[in-house]
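Student: Model the placement of chain B on the given structure of chain A, informed by the hints.
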Amino acid sequence: MSELDNWRALLSERAADEVVTKALVRDVRLPGGAGTMALITLDNGFDHTRPNTFGPHGLFALNGALSEIAERTDLAAVGVTGKPFVFAVGADLKGAAALRTREEALAVARLGHHVFRRLGELPIPSFAFVNGAAMGGGLEVALHCTYRTISSGVPAVALPECFLGLVPGWGGTQLLPRLIGPADAIKLIIENPLAQNRMTKGRQAYELGVADALFEPADFLEESLRWAAQVIGGEVVVERPEHDGWDKAVADARFLVDMKLRGAAPAPYRALDLIARARTATRDEGFAAEDEALADLLTGDELRAGLYAFDLVQRRAKQPAGAPDPALARKVGKVGIVGAGLMASQMALLFARRLEVPVVLTDVDQARIDKGVTYVRDEIGKLLAKGRLSRDQANRLTSLVTGSPSKDAFADADFVIEAVFEDLAVKKQVLAEVEAVVGPSCALATNTSSLSLTAMGAELARPERLVGFHFFNPVAVMPLLEIVAGAATDAATLATALAVGRTLKKSSVLVKDAPAFVVNRLLTRFMGEVVAAVDEGTPLETAEHALDGLGLPMTPFALLQLVGPAVGLHVARTLHEAFPERFGVSRNLAELVAAGKPGVYLPDLTLDAEAVALFAGGDRPSTAGQVRERVLAALAEEIRIMLDEGVVAAAQDIDLCMILGAGWPFHLGGITPYLDRSGIAQPRFLPPGVASVPA
Amino acid sequence: MPSSRDVVFVDGVRTPFGRSGPNGLYAETRADDLVVRVIRELIRRNPGLPPERVDEVAIAATTQIGDQGLTIGRSAAVLAGLPKSVPGYAVDRMCAGAMTAVTTVAGGIAFGAYDVAIAGGVEHMGRHPMGEGVDPNPRFLSEKLVDPSALVMGMTAENLHDRYPSITKERADTYAVLSQERAAKAYADGRIQPDLVPAAIRTAEKGWGLAVEDEAPRPGTTMEGLSALKTPFRPHGNVTAGNSSGINDGATGCVVAAGEVAGELGLAPKMRLVSYAFAGVDPEVMGVGPIPSTERALRLAGLDISDIGLFEINEAFAVQVLAFLQHFGIADDDPRVNPYGGAIAYGHPLASSGVRLMTQLARQFGERPGVRYGITTMCVGLGMGGTVIWENLA
Numbered sequence: 001m002s003e004l005d006n007w008r009a010l011l012s013e014r015a016a017d018e019v020v021t022k023a024l025v026r027d028v029r030l031p032g033g034a035g036t037m038a039l040i041t042l043d044n045g046f047d048h049t050r051p052n053t054f055g056p057h058g059l060f061a062l063n064g065a066l067s068e069i070a071e072r073t074d075l076a077a078v079g080v081t082g083k084p085f086v087f088a089v090g091a092d093l094k095g096a097a098a099l100r101t102r103e104e105a106l107a108v109a110r111l112g113h114h115v116f117r118r119l120g121e122l123p124i125p126s127f128a129f130v131n132g133a134a135m136g137g138g139l140e141v142a143l144h145c146t147y148r149t150i151s152s153g154v155p156a157v158a159l160p161e162c163f164l165g166l167v168p169g170w171g172g173t174q175l176l177p178r179l180i181g182p183a184d185a186i187k188l189i190i191e192n193p194l195a196q197n198r199m200t201k202g203r204q205a206y207e208l209g210v211a212d213a214l215f216e217p218a219d220f221l222e223e224s225l226r227w228a229a230q231v232i233g234g235e236v237v238v239e240r241p242e243h244d245g246w247d248k249a250v251a252d253a254r255f256l257v258d259m260k261l262r263g264a265a266p267a268p269y270r271a272l273d274l275i276a277r278a279r280t281a282t283r284d285e286g287f288a289a290e291d292e293a294l295a296d297l298l299t300g301d302e303l304r305a306g307l308y309a310f311d312l313v314q315r316r317a318k319q320p321a322g323a324p325d326p327a328l329a330r331k332v333g334k335v336g337i338v339g340a341g342l343m344a345s346q347m348a349l350l351f352a353r354r355l356e357v358p359v360v361l362t363d364v365d366q367a368r369i370d371k372g373v374t375y376v377r378d379e380i381g382k383l384l385a386k387g388r389l390s391r392d393q394a395n396r397l398t399s400l401v402t403g404s405p406s407k408d409a410f411a412d413a414d415f416v417i418e419a420v421f422e423d424l425a426v427k428k429q430v431l432a433e434v435e436a437v438v439g440p441s442c443a444l445a446t447n448t449s450s451l452s453l454t455a456m457g458a459e460l461a462r463p464e465r466l467v468g469f470h471f472f473n474p475v476a477v478m479p480l481l482e483i484v485a486g487a488a489t490d491a492a493t494l495a496t497a498l499a500v501g502r503t504l505k506k507s508s509v510l511v512k513d514a515p516a517f518v519v520n521r522l523l524t525r526f527m528g529e530v531v532a533a534v535d536e537g538t539p540l541e542t543a544e545h546a547l548d549g550l551g552l553p554m555t556p557f558a559l560l561q562l563v564g565p566a567v568g569l570h571v572a573r574t575l576h577e578a579f580p581e582r583f584g585v586s587r588n589l590a591e592l593v594a595a596g597k598p599g600v601y602l603p604d605l606t607l608d609a610e611a612v613a614l615f616a617g618g619d620r621p622s623t624a625g626q627v628r629e630r631v632l633a634a635l636a637e638e639i640r641i642m643l644d645e646g647v648v649a650a651a652q653d654i655d656l657c658m659i660l661g662a663g664w665p666f667h668l669g670g671i672t673p674y675l676d677r678s679g680i681a682q683p684r685f686l687p688p689g690v691a692s693v694p695a
Numbered sequence: 001m002p003s004s005r006d007v008v009f010v011d012g013v014r015t016p017f018g019r020s021g022p023n024g025l026y027a028e029t030r031a032d033d034l035v036v037r038v039i040r041e042l043i044r045r046n047p048g049l050p051p052e053r054v055d056e057v058a059i060a061a062t063t064q065i066g067d068q069g070l071t072i073g074r075s076a077a078v079l080a081g082l083p084k085s086v087p088g089y090a091v092d093r094m095c096a097g098a099m100t101a102v103t104t105v106a107g108g109i110a111f112g113a114y115d116v117a118i119a120g121g122v123e124h125m126g127r128h129p130m131g132e133g134v135d136p137n138p139r140f141l142s143e144k145l146v147d148p149s150a151l152v153m154g155m156t157a158e159n160l161h162d163r164y165p166s167i168t169k170e171r172a173d174t175y176a177v178l179s180q181e182r183a184a185k186a187y188a189d190g191r192i193q194p195d196l197v198p199a200a201i202r203t204a205e206k207g208w209g210l211a212v213e214d215e216a217p218r219p220g221t222t223m224e225g226l227s228a229l230k231t232p233f234r235p236h237g238n239v240t241a242g243n244s245s246g247i248n249d250g251a252t253g254c255v256v257a258a259g260e261v262a263g264e265l266g267l268a269p270k271m272r273l274v275s276y277a278f279a280g281v282d283p284e285v286m287g288v289g290p291i292p293s294t295e296r297a298l299r300l301a302g303l304d305i306s307d308i309g310l311f312e313i314n315e316a317f318a319v320q321v322l323a324f325l326q327h328f329g330i331a332d333d334d335p336r337v338n339p340y341g342g343a344i345a346y347g348h349p350l351a352s353s354g355v356r357l358m359t360q361l362a363r364q365f366g367e368r369p370g371v372r373y374g375i376t377t378m379c380v381g382l383g384m385g386g387t388v389i390w391e392n393l394a
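Chains as they are written, first to last, in UniProt numbering: chain A, 1 to 695; chain B, 1 to 394.
Treat the hints as calculated values from the structure; they're not laboratory data. We put the CB at the ideal spot given by N, CA and C, even for glycine. It is possible that part of the hints are untrue.
To give a feel for the contact side, a few chain A residues facing chain B, derived at Cβ under 10 Å [said to hold, decoys possible]:
hint, residue
1, E13
2, R14
3, A16
4, D17
5, V19
6, L24
7, M37
8, L42
9, G82
10, N131
11, L214
12, A218
13, Q230
With the rest of the complex left out, here is chain A:
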């Protein structure tokens, strides 16, 4: 059996469900007598909402097309392009998740190389015409070609593998650095994926040298073919400059990756190693090293957690578990916001931008209202200056946001949210005042981060219209909304809140009315254990770095500083009242707040000795390992309790909340896949195979 037959035998069962991207071949007579090009169109037969991907069958299809092309002697060139709006967006992730053994993983890696590299090794030149989104393996197809053109309309060019926990290992780590230089290659392969998977647009990709020519979308293919004919005819010569600076680029990137991950996720490090090798490795050596990296990563749990997390963010976030019928949602034509502080003003801007309806802010005095409205206008001005809004749009938004000292302005509002001081009595009073003014179908929402919704609604005439609508700070940036249903909240109100959340372009998770909901409860438990360890005598720096191996976005005390010790203390107290046996209140933390310190760090990010001294005095120090174990065990315990209490529908929702609300990383799958794979969760939260390599 040939190598290909082996791979086919090994992979065909795993790829039974593959949506196959076909390689349609058509002869094109090039302009100017440049001869015939065999033009391959990649097309899976669906429209752009289901982009082209590569699984084993798609790779075999492309291989078949290339075999036929290779046998011909009448061709001047071969071209590859995509279906409308999409070039190809990489490997079939569903197929990747189905792989079980290293042998299978290695076969997929080698098969990809075997097929793609033919594009660069034919006796005739090859051209990729990147007409639409090109990601991962899709971009690698283009990189294997001799030349590339790209459309200025392409919205996304990226190698997102490191974001998921892979490397661009079908040639990307070897070809891209040589094409555009190591520093820019690292930007695409490592930096962008680690920066919330940032995408590059067609023009930027061209400017980076990923493509040799840029054409407008209106007649992209025609002009690309004309250009290809000119290249073949020698009228256009493409320069390929030599690149240097490899050692510095790789060293700089290693520093950056360490800062972000502290060694917690293997993929970016493997990618860096491969990029470093690309300077001297032969094609065979480089591709073989990619094969090994892919095989290792594909059979590692970090990638599986990444794929799981990606699916949560892409799918579960868009269809919240337990949501009522969306048809029940009421139309929102005007929004009221109680309070005109910073958070309320941020909300006002967001509501106005996304809902495009009038938004009224109220507060206790005109000065506060003016300050809030001025904040919104200033932010609109900044967006205008940056070109993110046109003058007309800015005028429209400005006219939408107004302030009023009287809640009477809410009379015709459909959705009123309060963002006043986090105090139950204050909030109850505010809601009662609002209810006295608004119509019967107006939804009342609270942005509380920790108070009981049921308690808050107890004295309302119609508590069924109260819903929790918990934003995270900064409101415009953080993607999560915890939508809280109280005991009385009815389906129409919940549906309305979810619809508003969707229009705000937030990902909503439905949460039961429980103290501090999901993200703050877990972060507070997490923080509480770390602070308790310090209170007991563990050196602050030891505790602070005990969890570095997880690659969380922030160390515990850095997080405390961001949130503000006073807020942290307040939430800790709320949770302590609810669950005194698991949530303590640190006296030292209270002293830190009393001392008016912004945290334990000075503005230059060094430790503030005075602040650290406030935590001194304990006599039962723990090791870093003990702190880590204690924190993780506490998280596992708390999550188990939350699931038992029905705070959310499933562990998946916990993970979604931690990914979107706390920025916890994909390689942990949020957190439960990590607790499962590290053996801390007993029993497991998720069955094997869901976010780990199938047994």
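Tutor: Just chain B now, kept in the frame of chain A:
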């Protein structure tokens, strides 16, 4: 012709013409995309013309719905990336749509309303079969305003054979063979290709391709072959698919400008507009339309038919060309008439054809600087003819 300033034809291009139908070149290609391609090529070929200097985009289509609707002159201008400040509109005079787009913007230029305009036409007869969505007023027939045959173009061609009994099927077929031969020679001599703009084409089944040349010509057409064809419009009639233009898809466009502005921009105009005229005839013999329109245009220009050195006459049907020639005493095979062949070979995507005639005339002018005047003329459904007289600037 009274005019305040000269109007010139600067440059014209077209997409290759395809055969309509599920296997045709443009089976799954949008009509507006073809227009976009033409506009962009005109801008690209005339770098002296800043896009913002285009004052109007007039695009004709007979069936103005779907991808030929939405005021196609404006929508195609936006899709082509012309500055949003450039306006556009849609034109319809059936087969003479693009010709009317040219004469209409020319009138505006002469009057001083525009300096430069793009005019053209499109017809995707595969996506929009002739007569799609029409709703003829019943009074046409109840009051006998037109003969029942008037709305079926093939029948009007048969009617023309009745009016000119000396034009036999054999003469028509002979003319058709000549048209195919001349088109094949023009292709072989490279006269057509320079003014074609290749168009990307895609089908779900075959993927992307490129249309680079006309699909309709049938080189090697013989009298024997033609004699075997059916006469679908009349039993034992004279009109066949072989001596008629086909059912086609394609788009054309040209840049028309005030002479002084073309000079200012450094453009190289190829022809000067001398006069134009449209005329009506009985709808059931619409093919004679070019005769009165040409007579009128000649009169307006103060010219005689003998002053005309080149004729580009649309070959909707061979009989209609022959009627025109017979009327003016010109031989069926006169070398001044359609020297590159005509619509019988290239096809006739209705509203687009007028500018194809002009583009071919301009190229012939370039080859023959000794010729001073030429005409483009065509018959139009519902009984009309249109004629434009041009002066050679080569």
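Student: Starting from the hint list further up, note which numbers the structure goes against and sort them upward.
Tutor: Per hint list: 1, 2, 3, 4, 5, 11 and 13 violated.
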